[in-house]
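Participant: Chain by chain, the residues:
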Amino acid sequence: MTNARKQVFHRGIAAPLLQPNIDTDAIIPSREIRRVSKEGLGDALFSGWRYRSAESREPEPGFILNQAQYREASILLAGDNFGCGSSREHAVWALKDFGVKVILAPSFGGIFFNNCALNGILAIELEEEAIARLARWVQADPGGNRLEIDLAAQRIRWREGKEMRFDIEPARRSLLLEGLDSIAATLRRESAIRVFEEQDRQSRPWVYEFPDR
Amino acid sequence: MPATLLEKLWNLHEIADLGGRDSLIHIDRIFLHERTGSIALRGLEQEGRNVRAPRRAFCTMDHIVDTRPGRGDISLVPHGREFIEATRHSARNAGIHLFDIDDSRQGIVHVVAAENGIVLPGMSAVCPDSHTCTLGALGALAWGIGSTEAEHALATSCLRASRPRSMRVNFVGTTTPGVTAKDMILHLIAGFGSRAGRGFAVEFAGPAIYDLNMDGRFTICNMAVEMGAFTGMIAPDEHTIAYVRDAPYAPRGPLAEQAEAHWRELHSDEGAEFDRELEVDCARIAPSVTWGTNPEQLVGINGVVPEPGAFDDPQQSLAARQAQAYMDLEPGTSMRSVRIDAAFIGSCTNNRLDDLRDAANHLRGRKVASWVQALCVPGSSAIKRQAEAEGLDEIFQAAGFEWREAGCSLCFHAGGESFGGRRVISSTNRNFQGRQGPGARTHLASPLTVAASACRGYISTAEDS
Ligand code: SF4
Numbered sequence: 001m002t003n004a005r006k007q008v009f010h011r012g013i014a015a016p017l018l019q020p021n022i023d024t025d026a027i028i029p030s031r032e033i034r035r036v037s038k039e040g041l042g043d044a045l046f047s048g049w050r051y052r053s054a055e056s057r058e059p060e061p062g063f064i065l066n067q068a069q070y071r072e073a074s075i076l077l078a079g080d081n082f083g084c085g086s087s088r089e090h091a092v093w094a095l096k097d098f099g100v101k102v103i104l105a106p107s108f109g110g111i112f113f114n115n116c117a118l119n120g121i122l123a124i125e126l127e128e129e130a131i132a133r134l135a136r137w138v139q140a141d142p143g144g145n146r147l148e149i150d151l152a153a154q155r156i157r158w159r160e161g162k163e164m165r166f167d168i169e170p171a172r173r174s175l176l177l178e179g180l181d182s183i184a185a186t187l188r189r190e191s192a193i194r195v196f197e198e199q200d201r202q203s204r205p206w207v208y209e210f211p212d213r
Numbered sequence: 214m215p216a217t218l219l220e221k222l223w224n225l226h227e228i229a230d231l232g233g234r235d236s237l238i239h240i241d242r243i244f245l246h247e248r249t250g251s252i253a254l255r256g257l258e259q260e261g262r263n264v265r266a267p268r269r270a271f272c273t274m275d276h277i278v279d280t281r282p283g284r285g286d287i288s289l290v291p292h293g294r295e296f297i298e299a300t301r302h303s304a305r306n307a308g309i310h311l312f313d314i315d316d317s318r319q320g321i322v323h324v325v326a327a328e329n330g331i332v333l334p335g336m337s338a339v340c341p342d343s344h345t346c347t348l349g350a351l352g353a354l355a356w357g358i359g360s361t362e363a364e365h366a367l368a369t370s371c372l373r374a375s376r377p378r379s380m381r382v383n384f385v386g387t388t389t390p391g392v393t394a395k396d397m398i399l400h401l402i403a404g405f406g407s408r409a410g411r412g413f414a415v416e417f418a419g420p421a422i423y424d425l426n427m428d429g430r431f432t433i434c435n436m437a438v439e440m441g442a443f444t445g446m447i448a449p450d451e452h453t454i455a456y457v458r459d460a461p462y463a464p465r466g467p468l469a470e471q472a473e474a475h476w477r478e479l480h481s482d483e484g485a486e487f488d489r490e491l492e493v494d495c496a497r498i499a500p501s502v503t504w505g506t507n508p509e510q511l512v513g514i515n516g517v518v519p520e521p522g523a524f525d526d527p528q529q530s531l532a533a534r535q536a537q538a539y540m541d542l543e544p545g546t547s548m549r550s551v552r553i554d555a556a557f558i559g560s561c562t563n564n565r566l567d568d569l570r571d572a573a574n575h576l577r578g579r580k581v582a583s584w585v586q587a588l589c590v591p592g593s594s595a596i597k598r599q600a601e602a603e604g605l606d607e608i609f610q611a612a613g614f615e616w617r618e619a620g621c622s623l624c625f626h627a628g629g630e631s632f633g634g635r636r637v638i639s640s641t642n643r644n645f646q647g648r649q650g651p652g653a654r655t656h657l658a659s660p661l662t663v664a665a666s667a668c669r670g671y672i673s674t675a676e677d678s
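Listed in order, the protein sequences are those of chains A and B. Read left to right, the first sequence gives residues 1 to 213 (our numbering). Read left to right, the second sequence gives residues 214 to 678 (our numbering).
A hint or two may mislead.
[Claimed, not checked] Pulled from the structure, derived: some chain A residues nowhere near chain B, Cβ distances all over 12 Å:
(1) Ile-13
(2) Asn-21
(3) Gly-99
(4) Leu-118
(5) Gln-139
(6) Ala-140
(7) Gly-144
(8) Arg-155
(9) Trp-158
(10) Arg-189
[Stated by the list, open to error] FRET-style restraints, in silico, Cβ to Cβ:
(11) B:Glu-451 / A:Ser-203: 21 to 31 Å
(12) A:Gly-143 / B:Gly-419: 48 to 58 Å
(13) B:Pro-215 / A:Arg-188: 53 to 63 Å
(14) A:Gln-199 / B:Asp-525: 45 to 55 Å
(15) A:Glu-55 / B:Asp-494: 48 to 58 Å
(16) A:Arg-157 / B:Ser-550: 29 to 39 Å
(17) A:Asn-145 / B:Arg-268: 50 to 60 Å
(18) B:Phe-524 / A:Arg-157: 47 to 57 Å
(19) B:Gln-259 / A:His-10: 40 to 50 Å
(20) A:Asp-167 / B:Asp-525: 35 to 45 Å
(21) B:Pro-544 / A:Ala-132: 42 to 52 Å
(22) A:Arg-11 / B:Pro-215: 27 to 37 Å
(23) B:Pro-215 / A:Gly-62: 55 to 65 Å
(24) B:Val-385 / A:Ala-184: 45 to 55 Å
[Unchecked claim] One side only, chain A facing chain B, incomplete, derived with CB under 10 Å:
(25) His-90
(26) Ile-124
(27) Pro-205
Derived from the structure by calculation, the hints contain no laboratory data. Note that the Cβ used here is the ideal one computed from N, Cα and C, for glycine as well.
With the rest of the complex left out, here is chain A (with noise of 0.2 Å):
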């Protein structure tokens, strides 16, 4: 878990996506994954959306992200339950080398949550009446209209003087904030590990010794 940038401050150019159940397959058709790396898969990103066909790559003009005032979008306002399905990492790869920096939805898919804090990327549950409402504004006057994420302060300022306040885990808010590498932090209690193992092996002596193959 070396991947994760520190995350402080963001402000940019929000993009609605606010259909609900966008999954990980949309986010990245597995087709796209055509390399063993986590590299340049920006380019990727919702292609199945994006393109009118994935081998040409000509731009679909009515998708949000082809757009002029979105093309450099780093925010994304999203629906319930975004980023169900598959595990597959690359929807978070792919947002990241795309320039996503924050995602707010009413929920995320579980696995896609989790991956977004390894990575660096904020995802932040917040009502789906909060999020039409930063819609709308957004909409309004897309370049101009850009959000303020402050992870510090747990705000989201948007229209001038206004905020809205959100919520956070302690652990994901540290994660984010200090960039941790979370294996050498875990491999700093390997005195632990080995202790609870020797312990457990008493108890559960068929969880390490097995019948070979």
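Place chain B with the ligand on chain A using the hints.
Facilitator: Showing chain B with the ligand alone in chain A's frame:
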């Protein structure tokens, strides 16, 4: 204090309390496959990290590997060979046992992990695959993760995890003939919604669950993630213990006795409290099929495509409208009048021996409609061999089904084989847009319903033909 099964499993594996709801959890088994496992292993290699306990990690080839007879390393998936070779290379380097393409125990990761006794009751198990919850049917704490978390689990034998809330779903009453485990879980998801399980570990309980054999229980737990749950689980009982007893990796002799005594303690105690309890009356479940692009968009086979306006929730109405446009279905259309182009029996949801027997029983002496392409893909090479020993392959082939090698196959589309643009009745777990190919229209159902529909060429129950 009476404890839930979840509490028992969580406490059994908790190394440290990390504050809030978070714990450092010991991971007993890690399973990888060539689609997402290869990248986790490569990530570790690039950081110069070792797999901490390679003997407790396993890998299989299932997602990309071809399922056509006579397969080798060449896969129809574009660049598939790179994934296959990278996985083989990394697994060898890491010292992880790989069930390679020609291994007699190769198969879909969640099927292989269970039938070989690699994951056993009471264990914690993870895999970078969302349907890892399938293994909860053994009474294990098993859940799907991403590749980065898989790296963490491989490097440390632990994961940082948030304790889910507890839910119990009681299936009461008895099912009517023709209703299978698949209909039970689809009915639950449709009744409470595909987000009802969000944040919960769902324990499936009640007489109708304990009446199911293991194959049916795997089907139930497989779809826990389709209701958004962290995982699903079923308390181990005598069915479970009999299932794992002679498995290759299961304990033997006195160790087996010790293990079985431990497993019998793994159940929710009388009076244990759950954060949420639901009840399903099995008598109300009909053989069902999805009409939309989410498993909750379900109707009995004798029913009709619903009116989008009939949903109370505007979001649901909108979703129904979009789904019906994609599925090319008009409200009011009788499901039994929907003509299909293809039929698929396979996936970690429904391609175990009992599923194949169920379908074959119906297919004996019948033929698939002339316009339908029908495929049967066993879940593992071991299941395939056993099915062949029972002569099921001949029944499938005589009826007009293709009989494939084990793997995920057309459960999902990775750029190779595809149901693109066609209407499919499928025993799988996801009917999302494009899941089985660009523009593919997927109707989820039980293997029995798939077999019956394949024969009539229209969505059908077994009684129709
Ligand atoms: S059979 Fe389908 S759902 Fe199961 S692991 Fe394979 S691709 Fe995933």
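Participant: Next, verify each hint and record whether it holds.
Facilitator: A quick look at each hint next to the structure:
1. Against chain B, the non-interface label of A:Ile-13 holds: every CB pair exceeds 12 Å, the least being about 25 Å.
2. At roughly 6 Å from the closest C-beta of chain B, the C-beta of A:Asn-21 falls inside 12 Å, breaking its exclusion from the interface.
3. Its beta-carbon lying about 19 Å from the closest one in chain B, A:Gly-99 satisfies the requirement of being farther than 12 Å from that chain.
4. A cut-off of 12 Å between C-beta atoms contradicts the statement that A:Leu-118 is not in contact with chain B; the least separation is 4 Å.
5. The non-interface label for A:Gln-139 is consistent with chain B: the shortest C-beta to C-beta separation is roughly 17 Å, beyond 12 Å.
6. A cut-off of 12 Å between C-beta atoms confirms that A:Ala-140 is not in contact with chain B; the least separation is 22 Å.
7. The claim that A:Gly-144 lies off the interface holds: its Cβ sits roughly 29 Å from the closest Cβ of chain B, which is beyond the 12 Å cut-off.
8. Listed as outside the interface, A:Arg-155 is consistent with that label: its C-beta sits roughly 21 Å from the nearest C-beta of chain B, beyond the 12 Å cut-off.
9. Even its closest Cβ contact with chain B, about 23 Å, leaves A:Trp-158 beyond 12 Å, as expected for a residue assigned away from the interface.
10. At the 12 Å boundary, the C-beta of A:Arg-189 falls inside the reach of chain B, the nearest C-beta of that chain being 7 Å off.
11. Range check, B:Glu-451 to A:Ser-203: about 22 Å between beta-carbon atoms, so the 21 to 31 Å window is met.
12. The hinted range of 48 to 58 Å is satisfied by A:Gly-143 and B:Gly-419, whose Cβ atoms lie roughly 56 Å apart.
13. For the hinted restraint 53 to 63 Å between B:Pro-215 and A:Arg-188, the CB-CB distance of approximately 36 Å leaves it violated.
14. For A:Gln-199 paired with B:Asp-525, a C-beta distance near 52 Å keeps the hint of 45 to 55 Å intact.
15. For A:Glu-55 and B:Asp-494, the Cβ-Cβ distance of about 50 Å falls inside the hinted range of 48 to 58 Å, so the restraint holds.
16. For the pair A:Arg-157 and B:Ser-550, the supplied restraint of 29 to 39 Å is violated, since their beta-carbon distance comes to about 54 Å.
17. In this structure, A:Asn-145 and B:Arg-268 meet the distance hint of 50 to 60 Å, their C-beta atoms being roughly 56 Å apart.
18. Restraint check, B:Phe-524 to A:Arg-157: a C-beta distance of roughly 35 Å breaks the suggested window 47 to 57 Å.
19. Roughly 28 Å separates the CB atoms of B:Gln-259 and A:His-10, a value that falls outside the hinted 40 to 50 Å.
20. Taking the beta carbon of each, A:Asp-167 and B:Asp-525 are about 28 Å apart, not inside 35 to 45 Å as hinted.
21. Roughly 26 Å separates the CB atoms of B:Pro-544 and A:Ala-132, a value that falls outside the hinted 42 to 52 Å.
22. A hinted range of 27 to 37 Å is violated for the C-beta pair A:Arg-11 and B:Pro-215, which are about 51 Å apart.
23. Separation of B:Pro-215 from A:Gly-62 is about 56 Å and conforms to the stated range, judged on CB atoms against 55 to 65 Å.
24. For B:Val-385 paired with A:Ala-184, a C-beta distance near 50 Å keeps the hint of 45 to 55 Å intact.
25. Given the 10 Å rule on beta carbons, the hint for A:His-90 holds: about 8 Å separates it from the nearest Cβ of chain B.
26. Look at A:Ile-124: its Cβ only gets to about 16 Å from chain B, farther than 10 Å, so that hint breaks.
27. Given hint, A:Pro-205 at the interface with chain B, holds; its Cβ is 6 Å from that chain's nearest Cβ, closer than 10 Å.
The earlier numbered hints that this structure contradicts are 2, 4, 10, 13, 16, 18, 19, 20, 21, 22, 26.
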